[in-house]
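Novice: Construct the entire structure; sequences and hints are all you get.
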Amino acid sequence: MRQERVVIVGAGPAGVSTAVSLRDRGVAAILVERADQVANSWRRRCETDRLNTPHRLSHMPGRPYPKRTPTFPTCGAVADYFDRHAHQDGITLRLGVTVERIDPQPGGWTVVTPLPIPDDGPFAACAARNDPPTVVDADVIGSIRNGAIEVVKTIDRFDRAAVSLVDGTRLEPDVVICATGFRSGLQAVVGHLGLLDDWAARCDWRPSRPRAGSGSSATSCDRR
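Numbered per full-length UniProt numbering, the sequence shown spans residues 1 to 224.
Some hints here could point you the wrong way.
Dumping the calculated EDC-like pairs for lysine to aspartate or glutamate here, alpha-carbon to alpha-carbon at most 20 Å [to be verified]:
1) K153 - D167
2) K153 - D174
3) K67 - E100
4) K67 - D83
5) K67 - D80
6) K153 - E172
What the hints contain is simulated information worked out from the structure, not anything from laboratory work.
The model shown is predicted, which means the values in this text are computed figures rather than measured ones.
Specialist: Written out as structure tokens, the structure is:
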């Protein structure tokens, strides 16, 4: 199998047929489709719609439709046919991937796609690379188990004398360390104590509706 670095955009009948034809000739290709299934447009048609040519004239070379297929297959049967060969004929599929841009470069092309979200999540991806992330140190777990570290309920509020938890418990610690990250969310909890500097007090880190068409969250902060 020759590695020609061929990318086919679209996993409909034309894309699958091209990928299969190339593979039959010893050329491996990557088939990229923005939908999450092969021949997606055929699956969205009316159930009563049918192919307007007989299946014996409409199949890929050497790959006839299954026996008992109606002369004029339904759209679902057409989609199943191409899906089966896309998965069974050794085609490299990249479903759920949108091609955002194609640019020429010396000797070929650059195909730009967004980074996909792994099906198994980031932790499984790290394990597959034999690079497990350290989420909580083993000493911390041991300290929690032996009582050296006590885990309590969520903090409801601070006052000058104690920390109030959501279950009504009041704690009187000597030191409070707020390791709450960049978006600290401390204004509602300790803002009334005057402990935050002016800039932090003016920041609203709560997610808000983005003003443009991006999918990211927006935050508001007046740095004056």
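Novice: Tell me, in ascending order, the numbers of any earlier hints that this structure violates.
Specialist: Number 3 - this is the single hint that the structure violates.
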